[in-house]
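Enquirer: Next come the chains, spelled out residue by residue.
Protein chains: 2
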Amino acid sequence: MHGHSDRESTRLLDQASGLGSHVHEGTRYPAGSTVLEAGCGVGAQTRLLARNSPQAHFVSIDISAESLAQAREQMSGEGLNNVTFRQADIGNLPFSPDTFDHVFVCFTLEHIPDPLHALCALKNVLRPGGTITVVEGDHGSALFYPETSAAHHVIDCLVSLQQQAGGNALIGRELGHLLADAGFMDIAISPRLIHASSAIPGSSEAVKRIFITMIEGVREPAIAGGLTDPKVWDQGIRDLYRTTEKDGMFCYTFFKTVGRKEG
Amino acid sequence: MHGHSDRESTRLLDQASGLGSHVHEGTRYPAGSTVLEAGCGVGAQTRLLARNSPQAHFVSIDISAESLAQAREQMSGEGLNNVTFRQADIGNLPFSPDTFDHVFVCFTLEHIPDPLHALCALKNVLRPGGTITVVEGDHGSALFYPETSAAHHVIDCLVSLQQQAGGNALIGRELGHLLADAGFMDIAISPRLIHASSAIPGSSEAVKRIFITMIEGVREPAIAGGLTDPKVWDQGIRDLYRTTEKDGMFCYTFFKTVGRKEG
Numbered sequence: 001m002h003g004h005s006d007r008e009s010t011r012l013l014d015q016a017s018g019l020g021s022h023v024h025e026g027t028r029y030p031a032g033s034t035v036l037e038a039g040c041g042v043g044a045q046t047r048l049l050a051r052n053s054p055q056a057h058f059v060s061i062d063i064s065a066e067s068l069a070q071a072r073e074q075m076s077g078e079g080l081n082n083v084t085f086r087q088a089d090i091g092n093l094p095f096s097p098d099t100f101d102h103v104f105v106c107f108t109l110e111h112i113p114d115p116l117h118a119l120c121a122l123k124n125v126l127r128p129g130g131t132i133t134v135v136e137g138d139h140g141s142a143l144f145y146p147e148t149s150a151a152h153h154v155i156d157c158l159v160s161l162q163q164q165a166g167g168n169a170l171i172g173r174e175l176g177h178l179l180a181d182a183g184f185m186d187i188a189i190s191p192r193l194i195h196a197s198s199a200i201p202g203s204s205e206a207v208k209r210i211f212i213t214m215i216e217g218v219r220e221p222a223i224a225g226g227l228t229d230p231k232v233w234d235q236g237i238r239d240l241y242r243t244t245e246k247d248g249m250f251c252y253t254f255f256k257t258v259g260r261k262e263g
Numbered sequence: 001m002h003g004h005s006d007r008e009s010t011r012l013l014d015q016a017s018g019l020g021s022h023v024h025e026g027t028r029y030p031a032g033s034t035v036l037e038a039g040c041g042v043g044a045q046t047r048l049l050a051r052n053s054p055q056a057h058f059v060s061i062d063i064s065a066e067s068l069a070q071a072r073e074q075m076s077g078e079g080l081n082n083v084t085f086r087q088a089d090i091g092n093l094p095f096s097p098d099t100f101d102h103v104f105v106c107f108t109l110e111h112i113p114d115p116l117h118a119l120c121a122l123k124n125v126l127r128p129g130g131t132i133t134v135v136e137g138d139h140g141s142a143l144f145y146p147e148t149s150a151a152h153h154v155i156d157c158l159v160s161l162q163q164q165a166g167g168n169a170l171i172g173r174e175l176g177h178l179l180a181d182a183g184f185m186d187i188a189i190s191p192r193l194i195h196a197s198s199a200i201p202g203s204s205e206a207v208k209r210i211f212i213t214m215i216e217g218v219r220e221p222a223i224a225g226g227l228t229d230p231k232v233w234d235q236g237i238r239d240l241y242r243t244t245e246k247d248g249m250f251c252y253t254f255f256k257t258v259g260r261k262e263g
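Protein chains in written order, with our numbering: chain E, 1 to 263; chain Z, 1 to 263.
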């Protein structure tokens, strides 16, 4: 769904920089620990993980060779040497049970048809007592002013397309029960609300770069799939941009959730 | 809409206790200052205001003599002597211009047909340089798991009834533009997300007492007004209760907004 164009890669890297403090706050891994980053994509979170825990070692996997190539290229300029990239499928992990001290998953489960199966597979390669950290958004949390039905419509189109592709753009709210169903313990859910308005420098620019650009990216499939027509779509996009102007406001909530494997 | 039954009064007092830290965090008034609390209702916020700023003096007004009687009775047991209650209409304030050092408004604008007019009237009695603090919820921020259409339906019924009564249950997101339109400066919006799950002791009980009880309170008018039928309604209420059980979760966002009168 995401990450397969230059503009998209830029967006995802931007997203990681802008949201870094929300996603990574509280996530620091001890020296000598081995951490699996499952679904690293173009490496947007990888550099922040590696920078924040310079003495931990990260194994960052993705199913896409193309994304991994971009991730490797990006990391080569970072001066970090604590990351190993490897092509792998979360549903069929090439690791022995109890291999990793910790697992980190960000903006990945939203694209997976069976996130519970993925969590169980990740739990299997996590050592007893190790933690899993999962971060996902939830498009149902988007709250903005001015509110219009066209703006909600274009967001709903992305939700529908992601669902058709086997994903779930409303997965944030489900992380607690998914981790519980996968058998994790001591589950802590931490919703992180991002708020943008003209009073907060750079925040409206971030909404444009990260959220609105993501919605705009599905214009063609939404029209081709009969979910919308160009006129309504373009109005919805204009309405979303309007929320970033003068007296507009935009809120979005990510869900960061941590669980522990028994033992 | 709220506050006109014993059960409702209990709910509103509970709400203020439970949400106190979210609503009142950062709100402390200096010794000797005079603060107008506009729309004090049964005094749910009044005791927290008075306790948190014991050397400020509060003038707490409400349009309802019945609510004020309850507020007075409740405060008589608190041992606080820095509050004066007075019956008054926000749209027709019995105060001279520039009377108050600060104004505090909580869960009041949501019930007022013309909140902009109310804010202008409040600005008139505020001294130049004084602040206004407005706190309102936004039912569009309710995000929960499991999510069902029946649960959204009962919330939507309350939104519709409140709209029919001239209010706006989705006003939280509008506070920034309303304060700007009323001519306030240095507007700071602070969204405060409340999150409930079984992992947070007492949080699910608070959702039941505060939010679900409020929705349940409009069952009869919602049915009488043709917005719902008993079967769908009762399913929606059951679904809301389900979000407070085991792996359920519930989020809600309040908007605390502060502005300053020029001068």
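A portion of the hints provided could be inaccurate.
Unchecked claim - Ranges between beta-carbon positions, derived for each pair: (1) Z:S190 <-> E:P113: 36 to 44 Å; (2) Z:S21 <-> E:E147: 46 to 54 Å; (3) Z:D234 <-> E:Y241: 24 to 32 Å; (4) Z:R127 <-> E:K246: 49 to 57 Å; (5) E:H117 <-> Z:Q74: 51 to 59 Å; (6) E:D98 <-> Z:A199: 24 to 32 Å; (7) Z:E147 <-> E:T213: 22 to 30 Å; (8) E:V159 <-> Z:S21: 30 to 38 Å; (9) E:A31 <-> Z:R238: 49 to 57 Å; (10) E:S198 <-> Z:H117: 34 to 42 Å; (11) E:D234 <-> Z:D89: 27 to 35 Å; (12) E:A69 <-> Z:R238: 50 to 58 Å; (13) E:K246 <-> Z:R238: 53 to 61 Å.
Stated by the list, open to error - Here's a subset of chain Z near chain E, in silico, CB distances under 8 Å, partners left out: (14) D89; (15) G91; (16) G176; (17) M185; (18) A188; (19) D239.
Just so you know, these hints were derived from the structure itself, not from any lab. All figures in this text were calculated on a predicted structure; none of them were measured in a lab. For every residue, glycine included, the Cβ atom is placed at its ideal position computed from N, Cα and C.
Enquirer: Each hint should be assessed against the structure and marked as holding or not.
Expert: Hints, one by one, checked against the model:
1. In this structure, Z:S190 and E:P113 meet the distance hint of 36 to 44 Å, their C-beta atoms being roughly 38 Å apart.
2. Between Z:S21 and E:E147 the beta carbons are some 28 Å apart, a value that contradicts the proposed interval 46 to 54 Å.
3. Distance hint check for Z:D234 and E:Y241: the Cβ-Cβ separation is about 42 Å, which falls outside the suggested range of 24 to 32 Å.
4. For the hinted restraint 49 to 57 Å between Z:R127 and E:K246, the CB-CB distance of approximately 27 Å leaves it violated.
5. A hinted range of 51 to 59 Å holds for the C-beta pair E:H117 and Z:Q74, which are about 54 Å apart.
6. The hinted window of 24 to 32 Å between E:D98 and Z:A199 holds, with their beta carbons roughly 26 Å apart.
7. For the pair Z:E147 and E:T213, the beta carbons lie near 27 Å from each other, so the given range of 22 to 30 Å is met.
8. The supplied range of 30 to 38 Å is met by E:V159 and Z:S21, whose beta-carbon atoms lie about 34 Å from each other.
9. Evaluation of the 49 to 57 Å hint for E:A31 and Z:R238 yields a pass: the beta carbon distance comes to about 50 Å.
10. Roughly 24 Å separates the CB atoms of E:S198 and Z:H117, a value that falls outside the hinted 34 to 42 Å.
11. Between E:D234 and Z:D89 the C-beta distance comes to about 45 Å, which lies outside the given range of 27 to 35 Å.
12. Remark: the range hint 50 to 58 Å for E:A69 to Z:R238 is upheld by a beta-carbon distance near 51 Å.
13. Distance hint check for E:K246 and Z:R238: the Cβ-Cβ separation is about 43 Å, which falls outside the suggested range of 53 to 61 Å.
14. A cut of 8 Å between beta carbons decides the hint on Z:D89: the least distance to chain E is about 27 Å, and the hint is violated.
15. Of the supplied interface hints, the one on Z:G91 is violated, with its beta-carbon coming no nearer than about 23 Å to a beta-carbon of chain E, more than 8 Å.
16. Interface restraint check for Z:G176: the shortest CB-CB distance to chain E comes to about 5 Å, inside 8 Å, so the restraint holds.
17. Because the smallest distance between the Cβ of Z:M185 and any Cβ of chain E comes to about 11 Å, over 8 Å, the interface hint for this residue is violated.
18. At a threshold of 8 Å, the smallest CB-CB gap from Z:A188 to chain E is about 6 Å, leaving the interface hint in force.
19. For Z:D239, the interface hint is violated, since its Cβ never comes within 8 Å of a Cβ in chain E; the closest pair sits about 14 Å apart.
Checked against the numbered hints above, the structure breaks hints 2, 3, 4, 10, 11, 13, 14, 15, 17 and 19 and satisfies the rest.
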